[in-house]
Amino acid sequence: MPIIIEGLSFYYGEGTPFETKAIDNVSMEIKNGDFVGIIGHTGSGKSTLIQHFNGLILPQKGTVLIDGQNIKDKNLKLKKIRQKVGLVFQYPEYQLFEETVYKDVAYGPINLDLNPEEVKQRVKNALELVGFDYEMIKDKSPFDLSGGQKRRVAIAGVLAMKPDYLVLDEPTAGLDPAGRNEILDNIRKLHENKMTIVLVSHSMEDIARLVKYVYVMYQGKIHMQGTPKEVYSHSEELKRIGLGVPQVVDLLTALNKNGLMISSEALTVEEATNAILHGIRGGLNA
Amino acid sequence: MEPIIKIKEVTFKYNPEDKPALDKVSLDIMPGEFVAILGHNGSGKSTLAKLINSLLLPTEGQIWVKGMNTQDDDKLWDIRQSAGMVFQNPDNQLVATIVEEDVAFGPENQGVEPLEIRKRVDDALKVVDMYEFRRRPPHLLSGGQKQRIAIAGVLALNSDCIILDEPTAMLDPSGRKEVIETITKLNQDEGKTVILITHFMDEAVKAKRVVVMDDGKIHLQGTPKEVFSNVQRIKSFGLDVPQVTEVAHNLIEQGIPLSKDIISIEELVEALCQ
Chain A
1 MPIIIEGLSF YYGEGTPFET KAIDNVSMEI KNGDFVGIIG HTGSGKSTLI QHFNGLILPQ
61 KGTVLIDGQN IKDKNLKLKK IRQKVGLVFQ YPEYQLFEET VYKDVAYGPI NLDLNPEEVK
121 QRVKNALELV GFDYEMIKDK SPFDLSGGQK RRVAIAGVLA MKPDYLVLDE PTAGLDPAGR
181 NEILDNIRKL HENKMTIVLV SHSMEDIARL VKYVYVMYQG KIHMQGTPKE VYSHSEELKR
241 IGLGVPQVVD LLTALNKNGL MISSEALTVE EATNAILHGI RGGLNA
Chain B
1 MEPIIKIKEV TFKYNPEDKP ALDKVSLDIM PGEFVAILGH NGSGKSTLAK LINSLLLPTE
61 GQIWVKGMNT QDDDKLWDIR QSAGMVFQNP DNQLVATIVE EDVAFGPENQ GVEPLEIRKR
121 VDDALKVVDM YEFRRRPPHL LSGGQKQRIA IAGVLALNSD CIILDEPTAM LDPSGRKEVI
181 ETITKLNQDE GKTVILITHF MDEAVKAKRV VVMDDGKIHL QGTPKEVFSN VQRIKSFGLD
241 VPQVTEVAHN LIEQGIPLSK DIISIEELVE ALCQ
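Heads up: the sequence lines are chains A and B, in that order. For the first sequence, position 244 matches number 244 in our numbering, and the numbering has no gaps at all. For the second sequence, position 164 matches number 164 in our numbering, and the numbering has no gaps at all.
Heads up, a few of these hints could be off.
Claimed, not checked - The calculated EDC-like cross-link candidates involving lysine to aspartate or glutamate, where the alpha carbons are at most 16 Å apart (straight line), are:
(1) A:Lys257 <-> B:Glu266
(2) B:Lys225 <-> B:Asp261
(3) A:Lys138 <-> A:Glu99
(4) A:Lys84 <-> A:Glu99
(5) A:Lys257 <-> B:Glu267
(6) B:Lys19 <-> A:Asp144
(7) B:Lys24 <-> B:Asp215
(8) A:Lys257 <-> A:Glu270
(9) B:Lys119 <-> B:Asp91
(10) B:Lys208 <-> B:Glu226
(11) A:Lys257 <-> B:Glu270
(12) B:Lys208 <-> B:Asp28
Claimed, not checked - Simulated coverage check for chain B against chain A, where a stretch passes if three residues somewhere in it have a Cβ under 8 Å from a Cβ of chain A:
(13) 8 to 22
(14) 38 to 50
(15) 166 to 175
(16) 203 to 216
It should be emphasised that the hints constitute simulated quantities derived from the structure, not laboratory data. C-beta: ideal position from N, C-alpha, C; glycine also.
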């Protein structure tokens, strides 16, 4: 079952002189097993949008259906929705608070009134899903870990709720390249294990590498959508609205302009290398 | 010429029993230089920045800023005025409710004459291209704009040296571009010494010198071309090289004759399309 959003609008400070439109008539559908990216400059409405996915913000106009249930339905238990749609905020490591990694990850499941054995199983699974050795990590203080590790513990805390959808807001911001790769590999594996993933990011490279479908937000609206290849083929427009493209996309555009005829569809370093090799060798054969 | 910042065999430990966060580091930075410091989280970059600013004091060794020893208590405020810092989170370093008051905060606390403050604030805001926003409340600005206000705050102190600790980590692509353009301008047009700590390799490429830290030590330094041509070594430190350098490196491995020190799109285009 999908997340269906129809005609969603949201205003901050509604009815005051400071009223600003954060979301403007947005519709989208996220199906089971999807890997969706949302990009847009700061203030384009991304974070406001995803807070509608689990009812942290309720729609002022339009509807949000999670697996067929309207999140504004008065009989609906929002707690159930929040379990179904796991939201990982920006800098989630700031939310760590317990004295051991185990206790921190167990906090959610314990509050679901699960039996201790089930809690333990969930904590173990969640920590393993983000690439930890359970026995090694469980008794450590989360505050003694590196930035990337802390963030993985925080993500494990959300995974322990066994969500069907995982929504991540800027999961790699502020991490070093190794930390970034660690988190992205985990996210990729979660998707391979059939989890539906929504990734909000400022990193055009991360989006290009991972997601299957991209929504581009601008001034509260969906400005563009498509596969990464389709979206990044509009590099001038993306730059105009405060975004960019991966460096390799600019590279291939420049090569084509200078007369090297190569396929300009590549989005990653590997694809670009192959496209150039193909172009050069093809040229030599001709 | 004397270095504006001289770091001599500095070791720093957060706790006496800990392994050192910095281990016998020596580094000279000349006036007007633009130095990028790279290294994974926990490699000692931020510790180094805080030591220069006298927020931390060396466990062993010495640091001089414009000839002033950072351990000299009497010189503390002169040192902080000479080497201003900009931090990662734009929301944590703006204190006033109006942009120009925020920029004036530093010089006001130094007891600068009001007319002089007015001039410095206006000049600083013009340099970072935020003059028309001077009467706005900072919380309504974008991340990139907030960081430029923070930079203006350092400029208003007449600092010769600006240390930026991952100033673009929380920004979107256009915000990053704004901040990097501002930093480049400060260095080239205003002659400011810039120390930029970053995880973004495309930013480090703009510097004149790149210093790579790992495990509390300096492992590699040189021009961006010299440093990034060591693709394997850079990766062994948990870092990356610019995408275009990586493409060039892959092409070389496939037998395409290219120079090893390509760091920009223009260079690779020229090499391939000649």
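Verification of the supplied hints:
Under the criterion of a C-alpha separation no larger than 16 Å, the hint pairing Lys257 of chain A with Glu266 of chain B is consistent with the structure, at around 12 Å. Restraint check: the Cα-Cα separation between Lys225 of chain B and Asp261 of chain B comes to about 5 Å, which is no more than 16 Å; the hinted pair holds. For the hint pairing Lys138 of chain A with Glu99 of chain A, the CA-to-CA distance comes to about 10 Å; that is within 16 Å, so the pair holds. For the hint pairing Lys84 of chain A with Glu99 of chain A, the CA-to-CA distance comes to about 27 Å; that exceeds 16 Å, so the pair is violated.
Between Lys257 of chain A and Glu267 of chain B, the direct Cα distance comes to roughly 14 Å. Compliance with the 16 Å bound is thereby established for this hinted pair. Distance restraint check for Lys19 of chain B and Asp144 of chain A: the Cα-Cα separation of roughly 14 Å lies within the 16 Å cut-off, and the hinted pair is therefore satisfied. With a C-alpha separation of about 11 Å, the suggested pairing of Lys24 of chain B with Asp215 of chain B holds against the 16 Å cut-off. A hinted pair counts as satisfied when its Cα atoms are at most 16 Å apart, and Lys257 of chain A with Glu270 of chain A does not qualify at roughly 21 Å.
Straight-line distance between C-alpha atoms of Lys119 of chain B and Asp91 of chain B comes to about 26 Å, which puts the hinted pair past the 16 Å bound. Restraint check for Lys208 of chain B and Glu226 of chain B: the C-alpha separation of about 11 Å stays at or below 16 Å, so the hint holds. Taking the CA atoms of Lys257 of chain A and Glu270 of chain B, the gap is about 12 Å. The hint holds against a cut of 16 Å. For the given pair, Lys208 of chain B sits about 14 Å from Asp28 of chain B by alpha-carbon distance, which is consistent with the 16 Å threshold.
Counting residues of the stretch 8 to 22 of chain B whose C-beta lies closer than 8 Å to any C-beta of chain A gives 0; at least three are required, and the coverage claim is violated. Note: the stretch 38 to 50 of chain B has 4 residues with beta-carbon separation from chain A under 8 Å; the three-residue rule is met and the coverage holds. Using a Cβ-Cβ cut-off of 8 Å, 8 residues of the stretch 166 to 175 of chain B lie near chain A, which meets the minimum of three, so the contact claim holds. Counting residues of the stretch 203 to 216 of chain B whose CB falls under 8 Å from any CB of chain A gives 0; the rule of at least 3 is not met.
Hints 4, 8, 9, 13 and 16 from the list above are not met by this structure, while the remaining hints are.
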